[in-house]
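Novice: For reference, the chains in residue letters:
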Amino acid sequence: MDLSQYAELFLAESREHLSACNQLLLEWERNPAALQPVGGLFRAVHTIKGMAATMGYGRVADLAHRMENLLDQLRRGGKTPSDEIIQLLFRATDALEKSVTVAVAGRERDADLSVLEAIDDAALQFRPAAQPSGLARLRPEPAPAPADEPSSSAPQVSADATKSGPTRAVHVVIRPEAPLKGGRAMLVLKKAERFGAVHRLQPPSAAFESDDFDGRLEFELETSAAPSDIEQALRGAGDVERVVVGAAAIDEAVITTGEIPVTGAPNPAGGAGGGARSRHIRVDLRRLDTLMDLIGELVTERGRLNDLAARWIGRGGDPEIDDVAIQISRLSADLQNEIIQARMTPVWQVFDRFPRLVRDVGRQLGKQVSFRVEGKEIELDREILDELGDPLVHLLRNAVDHGIEPPAERKRLKKNPEGEIVLAAVRERSSVAISISDDGRGIDRAKILEKAKREGVVGPHVESLSDDQLLRVLARPGFSTAEAVTSVSGRGVGIDVAMTRIRALGGSIEIRTQAGKGTAFVLRLPVTLAIVRALIAAVGQERYALPLTYVAETVEYGTTPTTTMEGRDAIVLRDRVVPLVDLRKLLGTNGAAASPPPRRPVIVLEMGERRVGIVVDGMLSQQEIVVKGFDAPQGTLPVFSGATIMGDGVPALILDAAGLV
Amino acid sequence: MIDGSLVSARLLVFRVGTLAWAAEVDQVREILPRLPTTRIPGAPPVVAGLVNVRGTLVTVVEGWRALAPTETSQPRPPEDAGSTLILEVASGNGTKDGSGKKLVGFTVDEVIDMVAVGDTTLEDRGGLPGVDPTLVRAVGRRNRPGGAGGGAGGGGESGKDLFIVLDLAALLGPVLTT
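Chains A and B, in that order, give the protein sequences. Position 350, counted from 1, in the first sequence is what the working numbering calls 734; the numbers after and before it change by one each time, with no gaps. Position 137, counted from 1, in the second sequence is what the working numbering calls 145; the numbers after and before it change by one each time, with no gaps.
Hints in this document: simulated from the structure, not taken from any laboratory. Glycine included, C-beta positions come from ideal geometry on N, C-alpha and C. Hints should not be assumed to be uniformly reliable.
[As the list claims (entries may be wrong)] Over 10 Å on every C-beta distance to chain A, these chain B residues come out as not near it, computed from the model:
no., residue
1, R37
2, K110
3, I120
[What the hints assert, rightly or not] To be clear about the criterion: a stretch of chain B counts as covered by chain A if any three or more of its residues have a C-beta under 8 Å from a C-beta of chain A, and this derived list gives those stretches:
no., stretch
4, 24-31
5, 61-68
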């Protein structure tokens, strides 16, 4: 069978499991006494091993197998691992990730397996010396075998009971009035683990500590012990209201296939006791893109149909056509909505790699950092999310590097030696705000101002920099590479890069900083790139679309006081001076049309603190437009974020607020 | 030198200005009438604008500005005459779908003929008066009179039967690179 078509799927699946490994390792590193991470790690690595073997990636499977071996020893030993071991597991996870990538690229030979020796040494060291079964475990196992899950003796239970056996679904309910439900649940888990491996724990043990934990937990227990024995043992945890031990319905093989969606094998017969299986499928992104394009065309044609229906009825045609047109409008709107939803992806898909990143940078720089992620479930269009990774990496690195002070300095300042960085996503009206905030030293405005003056970025009479001006100074390419800033705060490395990328997505960046208290960057992004509401403006004979996301208001030119600002025309709007951009001049439509109408509308765009008034000839309509990219030829003004097709089938360019403000 | 890739090519011959030009049929996605274009501010004059080809936005290059800029004194045909060729050209920096090809429109005054290279003689003739030699891959001669040559009087050697095989990448590449 040709497996190459599954390579991409294998890569995607493996990355998810590797991401889980990193999360679990971080958890374990923070709390080495925890029991839960090792089980999860074991399962993730085991799954990768099985998939790699199926794909014929021998070296990947071998590496995974040896890691699994070490994890098995650790899990069985139940001892708190040394930091050395955890660091080794981080390195091993990295090696596994690299080997997966090169294997998929067809260069499996290039996989660097130098970490293997250390893994094997560690596994030997952890092998419970007195137990012959330990030696047996070291026998070379056939890598792809799915059935080498735990099989050994914990001291308290007879060897027979823990033998790799069937898996039972277990439901436990802690008494609602119990004071420490989380602690009880943990005890239940520990007791269960004496019988055998615990799988599919719901909720994850990390959630036990949460206030929301309602005292209900479910898991699958791999054991051949009698249900009554299990129930009795679990009740021993105390405050247990109910224990249900399901029939031994699923065997190991089924669990394994269930975890490898490559085969997509459904749980036979609905899988008694297996709980609800995830009802998701993987869809190639290109397919979603195509769907999006098609619905875009449909929306355009819908507009034409409506026009046609109106004309037809006007000429005495059958009014029933109007009903049909309305129905088709409604259906296509629903369809469009569904397709947009299908493209939405929770931000954790990108955020999940950051805890590891922050930890690595922190260790490297000798900073202590606690990293928190909020709003993981917030969704963004896949295309936006994909573009977001790099800017966030820049900003997070900066926060660790330049925001958080070294522990000694923090102590001296009577701050917690461990700095805090929070990455939070919040849904706003039609956008999503993502903030990266630290409780570090903040940016020294005075120093930046001084430097900005010296370089002529601001005039010599400027007394202080607002947040907005500060960002503009920092985001100047190369501004921060100079010594003074690097030693002061160093912000700006990559800020111009991050800013460019975010703006290209139609988003904005804001900065808030307070000396000694910390710095926050707020990125605002549209939820979807695909379809936006826009104002259609007329400029000369031409039409341009302006997304409503950043439209603050519209006024009429001439009805507000005018002035000039830095040599540009401006209007005064509620005591604020708003500079104007005349689209006729900017876009060079001057000669193309008769003189402009006397009363021209001004569309005020607002992005963060910045505002600009766009002078157009007229406003034609407000409508949903399908955003499309185009190959901008050389020389194209950098003020367009794309183009759309109007109801008459003719393209119109979309003005980019970020490029105008 | 005539490059080898042309030996078995089929060519679409079209007229822009007073000369006949040709492009490999494999590079021509379709031939459409002239479409309403939307001007792209800032783009060079050789770019006519954006057109909508069944939902895909395609940048269109104005053929006569690209190939016959010196003939501006000649009367131009009305804007809606002629055809738009939708061409597929290799692009250096690749495209979104990774194919490395871009679609670009190219307006011509008239589509004349389709010829197989076997029926014609390709010559290496770099230096044609008034033609940028970097755009010329070869010069061809159609065996039959007709087409643009119309009633050229049966003179097979008539200059009107000459056509220039265009190097589309050289012509359009610089315009499209941003």
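Novice: Against each hint, give a clear statement of whether it holds in the structure.
Specialist: Against the structure, the hints come out as follows:
Distance check on R37 of chain B: its Cβ is at least 15 Å (rounded) from any Cβ of chain A, clearing the 10 Å threshold; non-interface status holds. Distance check on K110 of chain B: its Cβ comes as close as 6 Å (rounded) to a Cβ of chain A, failing to clear the 10 Å threshold; non-interface status is violated. No beta-carbon of chain A is positioned within 10 Å of the beta-carbon of I120 of chain B; the least distance is around 27 Å. Given as covered by chain A, the stretch 24-31 of chain B fails the check, having 0 residues with a CB less than 8 Å from a CB of that chain where 3 are the minimum.
Residues of the stretch 61-68 of chain B with a Cβ under 8 Å from some Cβ of chain A number 6, which satisfies the need for three, so the listed coverage holds.
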